[in-house]
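Asker: Take a look at the letters that make up each chain.
Protein chains: 2
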Amino acid sequence: MALIVQKYGGTSVANPDRIANVANRVVRGWRDGNKMVVVLSAMAGETDRLINLAKELSEDPDARELDVLLATGEQVTVSLFSMFLRSQGVPATSLLSHQARIYTDRAYGRARIIGIDTARIKEELKKGRIVTVAGFQGVDEVGNITTLGRGGSDTTAVAIAAALKADLCEIYTDVDGIYTTDPRVYPKARKLDRISYDEMLELASMGAKVLEIRSVGFARRYSVPLVVRSSFSGEPGTLVTVEDEAMEIVPVSGVALSRNDARVTITRVPDRPGVALHLFQPVADANIVVDMIIQNTSIDGHTDLTFTVPKGDLKKTLEIVKPVAADIGAERVLSEENIAKVSIVGVGMKNNAGVAARMFEAMAAENINILMISTSEIKISCVIEDRHGELAVRVLHDAFGLDIPPPKKRGTSF
Amino acid sequence: MALIVQKYGGTSVANPDRIANVANRVVRGWRDGNKMVVVLSAMAGETDRLINLAKELSEDPDARELDVLLATGEQVTVSLFSMFLRSQGVPATSLLSHQARIYTDRAYGRARIIGIDTARIKEELKKGRIVTVAGFQGVDEVGNITTLGRGGSDTTAVAIAAALKADLCEIYTDVDGIYTTDPRVYPKARKLDRISYDEMLELASMGAKVLEIRSVGFARRYSVPLVVRSSFSGEPGTLVTVEDEAMEIVPVSGVALSRNDARVTITRVPDRPGVALHLFQPVADANIVVDMIIQNTSIDGHTDLTFTVPKGDLKKTLEIVKPVAADIGAERVLSEENIAKVSIVGVGMKNNAGVAARMFEAMAAENINILMISTSEIKISCVIEDRHGELAVRVLHDAFGLDIPPPKKRGTSF
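Those protein sequences? They're chains U and P, same order as listed. Once you know that position 243 of the first sequence is 243 in our numbering, the rest is easy, because the numbers rise by one and skip nothing. Going from the second sequence to our numbering is simple: count from 1 and add 1000.
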C-alpha cells in the first residue's frame, strides 16, 4: 500500500466524460489499497474564459481579484470530480486551498508555496477517502486567495507529495512522457524511461512545456519521485528521479528548442569597471530575467555587449537600457526578435569530452550560424537564427543518436 | 454618513455591462460618504449551468460537493465586481465566506447562518474600501463550504446588516418594490411604500418571490431596516420595517397567489385519540411541511381529514400515509394537485371585523368554490380550484380597493 499523489491537467478533465474517465483510473489505484490524493487543474479553456470575462471589466485586472476569479476554475473541477466518485459509492472529499491549508506568499498571480499544513488531508485519508485538491492556488497568512501562475497545479501536486512524503507523484497530461525532443518538431523523438531532476530542470527551463519548472525544482529539493504520463493511455511514462546507476549512459539525453527570447546588443560600450552593473541593475530591478550575456574582447577600450531577455520583456528592456547606454557613452542599442535557442541536455556530458565540438560540427555541416553560446555543467545552448530552429533540432537529434535506445548499464560503473 | 448593505440579485449582475452599471450605483453611495458592503448573487443562469454540469456526473449530486461547486458562482461575481471598481480607481475588496467569516451549520444546500465575525469586514471598511461579499454561502466550524439555498443571498445581506448594525439594507432586484399583488397577474397592482415585517413574512411564505422568507425573519428579529428596490431604475422601492403609525391604515395590504401545494384527503378516519399523531408524525419525520389541516365534524365515529403539502413532496407523502391509513382502518387516501391558494394579508385585519366575510362574499359573487380555509392574526388563506386562481386575485384586489392609495394616518391614532 502506497501513498500516491496524482495530478491531472486541464485536457484530462476537459469535460464530464473525461472527468469520469480519469476518476475511474483513480478508483483503480484506490481499490488496489493505495491512499490517493488527486490534484486537479481547471477544465481546459476555463481559465481563458475567466480571463476574458475579467478583460471585459478591466483592461488590467487587479491581481488580487483576478486570483479570486481564476481560483473558481479548479474549484469546479474538484467538486465535480468528488461528486462523481461519491455517486459511484467511493468516499471522496474535495479540499480548496484554505481547507488543504496550502500557504503561499502574497505575490498574486505568481505566488510561491511556503508551507502546507497536512493535518486536514491526513485526517481525510485516514477516513479512507480519496482527497481531491484544487491545484494552482493557495492562501496567504490572512486567507487571501493566491494563484501560482500557469502550470501551477504541477507545483501543487509536488509540494503536497513532498509534505506528505508520498511514495510517488504522478503528473498526468496529454503526452505520454518526456521525449528526447518535441515529437511535433521531429517524429524520430524517443520517449525516455528515466531522466534526472537536473536534466528535467534544464529541459523545462529550455521550453519543454510538459512540466512546470518550479515543480521540478521542488521535486529535486525534496526527492519526490515524479512520473510524467498520459491520462489517455496506459503507457508507463517517464520517471524523473535522482541521477543514478540505472540512467542511460549517454552524453546527451535531449534536445530542446525555445523561441521565447529576444536579443539586445549594445555596441561600443566603454570598457570601464561598473559598466555592466550600471546596465543590468535597472533591468534586474524591473524583474526582467536576463538569460545569456556575452561580452566581446575589448578593442580600443570599447566592447560590444549582447544579452537575451524574454520576448515579452523586450520593449520594457529597451526603455530601460537606452537611456543608460546613452549615459555611459555607448554607441547604439540594437534588438532582434527572430532568434531561437537550441539546447542539448545530459548529465552524461560531465564525463564526456567533445560534446560541444560535436554539436558545433553538426550545425556547421548544415550551415547553421551560431550567434551566441552558453553552457552549464549538463547543458549547451546556442542562439541561432529563428528560421534554422527545427533544422537544428533534427540535426542534433541525429548527431547524438537520440532515436536509438541506448544499452542499460550493467554491473559496477566505471 | 451611513453604513449601507446592498444586495444585487442575479439579473442585476447578469453580464459585464450590468455589473459595471450596478458598480457605478454603488460608487455613488460611496462618494456620498457612506460605508458600503455589497452582497452579490451569481450571474443569472450561472447556478443552473453549474447544476447541469453536476447532473452530467451524478444523478443525485453529493450535497457537500454540490455546495463547493455552486459557491463558485458568487465568487466569480464578487471578483469581477471588485476588479471593475479597482479599475475605476475605487478601493474595493472581495470577501468569500471563509474570509468574511460567515459561519453556518453543516446543512449543505440549506444551511442556516449561526454567526458572523465582522472583524475582517470592519477592517476593510476602516480602510475606506467598498467590501463585496459572496452571497448565498458560508462555512461550517471546520471550514467546509455550505450554501443557504435559493434566495440565500438575501439572507446573507440581512445577516451582515444585522451583524454590522447597518443603517440600511437595500435588496436590489428586477422589480421596483413590493406590490399589492403580482402585477403580472393583475396590472392594477399598486406598489407599497411601506410594509411591516409580519405582512412581508406572510406574503413571502405565500409565494411572493421578491424576498426570501428567512431574510425577512432575520430582518424582523434584528430590526434591520430593509428596502426592496430595482437596480434598473431610480425608484425609491418599498421599505420593510416595524409596524408603525406611518403605515397605511387599511385592513388588507396585499393579495398573494400560490400554486406550490397539493391536497391529500383521507376518508372515514376512525375518530380516536392519537389518530392524527399516527398520521402526521411520520410525515414530519420525513421533513415534509404540512400547511393546512382540516378535520370535519365526526359522523358515526368517523371523520375526513384533509391537509396540504408542497407539490414536490406529494409522492413521498402518499407513500408514507397510505400504509398508515390502512393500518388505522381509514377508507381511502385521495390527492389533488390542481389547487391554488389565495391569501389576503394585512396587519390592519387585527382591528377590522368582517374582513373574512368580505373575502368570502367577493369570491362567492364570482362562483369561486372555497375548498379549505386557514387564518392567522394577519392573514386569511383559501384553497380553491387551480383554474380560479387569477380570477380570485383580481376579485379580492378590487374588493379591498388595493389599487387606490389609502390616506396616510394623521395625528394620534384611535
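Hints may be right or wrong, so weigh each one.
Chain P is faced by these chain U residues, among others (derived, beta-carbon under 7 Å) [stated by the list, open to error]:
1) Glu56
2) Leu57
3) Asp62
4) Leu69
5) Thr72
6) Gln75
7) Ser79
8) Ser82
9) Phe84
10) His98
With the Cβ distance kept under 8 Å, some of the chain U side facing chain P (calculated, not the full set) [to be verified]:
11) Ala2
12) Ala54
13) Leu66
14) Leu80
15) Arg86
16) Ser87
17) Gly89
18) Ser94
19) Pro282
20) Val283
21) Asp285
With a cut-off of at most 20 Å between alpha-carbon atoms, the simulated DMTMM-like pairs for lysine to aspartate or glutamate come out as follows [unchecked claim]:
22) P:Lys1188 to P:Asp1176
23) P:Lys1055 to U:Glu123
24) U:Lys122 to P:Glu1141
Since the hints were derived computationally from the structure, they do not count as laboratory data. Note that the coordinates shown come from a computational prediction; the quantities given were computed from them, not determined experimentally. Note that CB positions come from ideal geometry on N, CA and C, so glycine has one too.
Asker: It remains to establish, for every hint, whether it holds in the given structure.
Answerer: Now the hints, each set against the structure:
Checking Glu56 (chain U) against chain P by beta carbon gives a least distance of about 4 Å; that is within 7 Å, so the hint holds. Annotation: Leu57 (chain U) was flagged as interfacial toward chain P, and the flag holds, the nearest CB pair being 4 Å apart, inside 7 Å. Residue-level restraint check for Asp62 (chain U) holds (minimum Cβ-Cβ distance to chain P is 4 Å; threshold 7 Å). The interface hint given for Leu69 (chain U) holds, since its Cβ lies 4 Å from the closest Cβ of chain P, which is under the 7 Å cut-off.
Below 7 Å, beta-carbon pairs count as interface contacts, and Thr72 (chain U) has one with chain P at about 4 Å; its hint therefore holds. Taking 7 Å as the C-beta cut-off, the interface hint given for Gln75 (chain U) holds, the closest approach to chain P being about 5 Å. Hint status for Ser79 (chain U): holds, given a least beta-carbon distance of 4 Å to chain P, under 7 Å. This hint holds: Ser82 (chain U) has a C-beta 5 Å from the nearest C-beta of chain P, less than the 7 Å allowed.
Using the Cβ-Cβ criterion of 7 Å, the hint placing Phe84 (chain U) at the interface with chain P is satisfied: the shortest such distance is roughly 4 Å. At a threshold of 7 Å, the smallest CB-CB gap from His98 (chain U) to chain P is about 5 Å, leaving the interface hint in force. Nearest Cβ of chain P to the Cβ of Ala2 (chain U): about 26 Å, over the 8 Å cut. The hint is violated. A least Cβ separation of about 6 Å between Ala54 (chain U) and chain P falls short of the 8 Å threshold, and the interface hint therefore holds.
The interface hint given for Leu66 (chain U) is met, as the beta carbon of that residue sits about 7 Å from the closest beta carbon of chain P, less than 8 Å. Hint status for Leu80 (chain U) relative to chain P: holds, with the closest Cβ pair at about 5 Å, below 8 Å. With 8 Å as the threshold, the beta carbon of Arg86 (chain U) comes within range of chain P, its nearest partner Cβ sitting at about 4 Å, so the hint holds. The closest approach between the C-beta of Ser87 (chain U) and any C-beta of chain P is roughly 4 Å, which is under the 8 Å cut-off, so the hint is satisfied.
Interface restraint check: Gly89 (chain U) against chain P, minimum CB-CB distance 11 Å, threshold 8 Å, status violated. Contact between Ser94 (chain U) and chain P, as hinted, is supported at the beta carbon level, the nearest pair being about 5 Å apart and thus within 8 Å. About 28 Å separates the beta-carbon of Pro282 (chain U) from the nearest beta-carbon of chain P, more than 8 Å, and the hint is not met. Hint status for Val283 (chain U): violated, given a least beta-carbon distance of 29 Å to chain P, over 8 Å.
A least Cβ separation of about 25 Å between Asp285 (chain U) and chain P goes past the 8 Å threshold, and the interface hint is therefore violated. Proposed proximity of Lys1188 (chain P) and Asp1176 (chain P) is supported: the alpha carbons are some 15 Å apart, at most 20 Å. In summary, the hint linking Lys1055 (chain P) to Glu123 (chain U) is not supported, as the alpha carbons are separated by about 29 Å, beyond the 20 Å threshold. Distance restraint check for Lys122 (chain U) and Glu1141 (chain P): the Cα-Cα separation of roughly 18 Å lies within the 20 Å cut-off, and the hinted pair is therefore satisfied.
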